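Engineer: Heads up: the protein sequence lines correspond to chains V and E, in order. Residues in the first sequence are numbered from 1 upward in steps of one, following my numbering. Residues in the second sequence are numbered from 1 upward in steps of one, following my numbering.
In case anyone wonders, no lab produced these hints; they're calculated from the structure. Honestly, I wouldn't trust all of these hints.
[Said to hold, decoys possible] Below, a list of computed lysine-lysine pairs in the BS3-like style, where the Cα atoms sit at most 25 Å apart:
#1 V:Lys68 x E:Lys6
#2 E:Lys258 x V:Lys63
#3 E:Lys209 x V:Lys10
#4 E:Lys209 x E:Lys3
#5 V:Lys68 x E:Lys254
#6 V:Lys10 x E:Lys257
#7 V:Lys10 x E:Lys254
#8 E:Lys209 x E:Lys6
#9 E:Lys257 x V:Lys68
#10 V:Lys63 x E:Lys257
#11 E:Lys209 x E:Lys224
#12 V:Lys175 x V:Lys207
#13 V:Lys98 x V:Lys122
#14 E:Lys257 x V:Lys103
This structure is a prediction, so every number in the text was calculated from the model and none was measured.
Listed below, chain by chain, are the residues.
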Amino acid sequence: MIRIENLYKKFGSNEVLTGLNLEIQTGGVLAILGPNGSGKTTLIKSILGMVIPDRGELYINGKPIRGKSEYRRDINYLPQIANFPENLRVQELFHMIKDLRQKSGSEEELISLFRLEPFLDKKLGTLSGGTKQKVNLVLAFMFNSPLLVLDEPTTGLDPASLIRLKKLIAIEKKKGTTVLITSHIMQFVEETADEIIYLLEGRIYFKGSVSELQKATGQTDFEHAIAAITTERENA
Amino acid sequence: MLKILKYSFYDLMRSRWSYVYFVFYLVLGFVLLFLNNDISKAIITLMNVIIVLVPLIGTIFGIMYFYNSREFTELLLSQPIRRSSIFLGQYLGVAGSLTMSLILGLGIPFVLYGLFRSGAIWDFSLLLVTGAFLTLIFTALSFNIALSHENRIKGFGYAVLLWLFMAVIYDGLFLLSLIVFEEYPLDIYSLVATMLNPIDLSRILILLKLDISALLGYTGAVFKSFFGTGSGFFISMAMLWLWTGLPIWRMVRKAGKKDF
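This is chain V alone, in the form it adopts within the complex (with noise of 0.2 Å):
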């Protein structure tokens, strides 16, 4: 489904990204993990086209992406920092989005499930960083795409919600979605993810499941073995 081709990225001095190679296949969850600053968002960003890479080409169902825009028609994305235009109001928000992208979306029950009724009228600029989470939630959910980015999906949600997102995950698993997570909680990865990618200093470190990482690192308790490819590179 993505192909990556030898990715190079660095803002400024800052490389980012160092010769990524990677390929992801179609259906299942794969959780991007890394310590801060090792490029997650980065080669997010980069798949979405919002980040235009130094070097390196990415292929979206077989196509070059570079320059292209309505390959992100099959792509929903959630934004790591939930920031909406603060004169709008919720409502707005959906029927502009499903206007820009000429879709018809499943909000209705979205908003029910994370109870947002009562904040449709509001304007996005008075909202809590919880309930914006919850908006962008909504939005990235409410159409059916083949592939589904979400950065930091878990951040300022309550544990009600969190639960709530992880059905939603699961269904979308199920519908053979591929679906995409950066997360630094490590027990929600363990529960969501299929595979896991790590990275390390704009590469990829580690690719595979979740057990093949204990065995990998000799550590029974999955936050322990990613702790332990950290410490293991620095001490190497």
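Position chain E against the provided structure of chain V, taking the given hints into account.
Structural biologist: Leaving out everything else, chain E in the frame of chain V:
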């Protein structure tokens, strides 16, 4: 692009500042007509206000809108919309709403005063056209500055500097150079120097149309003798188009390469 334009325009129409700007021109129009009691004289006074104020508002508004709508832009970038459409749409939304405030704000008092029955209708139209051009030009320039500077304070500073340079400093330097080099033939030089500043260009354009030789000054006189009123007018218009087109072109190019 039209959809982005629609939403940007709609967003701006709801903001207080569009109304403040509109009401300001409305009041200005009425006050000038009331004080001058004559449409032609009011147009000359208006010209002096418009030529300085419109670029300032275009610059400030443009840069403020760009920085404030960053979230909106990011949201749009993840949608299946071309980058050029996003930025052109937003740009036309800002420039369009500013132009509308200008045209309605000044148009209403003049129409009520009996513009259509007076001979000054073409002069007044030209004034509005130049105002629209200046809005388009300076909004595009401010978008360029905003695209190149991630730091808002810096971007804002450069935008204000740009306006100050074009509206005040440029004329000072120009005048100074005329005095320093007064021994040399300066016709071509002053023509080119005027063309290179859209504010000066607009001023000459309106003065040529109004045909007030007393206000034309040296450059105007050169313009008039060099081109004759007709072709001078067209060349100035062409330059204004160029001044609008180039920043828009660079804006689209720059936006295509930027990381968000």
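Engineer: For every hint, state whether the structure bears it out.
Structural biologist: Hint check results:
{"no.": "1", "hint": "V:Lys68 x E:Lys6", "result": "holds, 23 Å"}
{"no.": "2", "hint": "E:Lys258 x V:Lys63", "result": "holds, 22 Å"}
{"no.": "3", "hint": "E:Lys209 x V:Lys10", "result": "violated, 54 Å"}
{"no.": "4", "hint": "E:Lys209 x E:Lys3", "result": "violated, 37 Å"}
{"no.": "5", "hint": "V:Lys68 x E:Lys254", "result": "holds, 16 Å"}
{"no.": "6", "hint": "V:Lys10 x E:Lys257", "result": "holds, 14 Å"}
{"no.": "7", "hint": "V:Lys10 x E:Lys254", "result": "holds, 18 Å"}
{"no.": "8", "hint": "E:Lys209 x E:Lys6", "result": "violated, 35 Å"}
{"no.": "9", "hint": "E:Lys257 x V:Lys68", "result": "holds, 13 Å"}
{"no.": "10", "hint": "V:Lys63 x E:Lys257", "result": "holds, 20 Å"}
{"no.": "11", "hint": "E:Lys209 x E:Lys224", "result": "holds, 10 Å"}
{"no.": "12", "hint": "V:Lys175 x V:Lys207", "result": "holds, 24 Å"}
{"no.": "13", "hint": "V:Lys98 x V:Lys122", "result": "holds, 19 Å"}
{"no.": "14", "hint": "E:Lys257 x V:Lys103", "result": "violated, 28 Å"}
This entry does not satisfy hints 3, 4, 8 and 14, going by the numbered hints stated previously.
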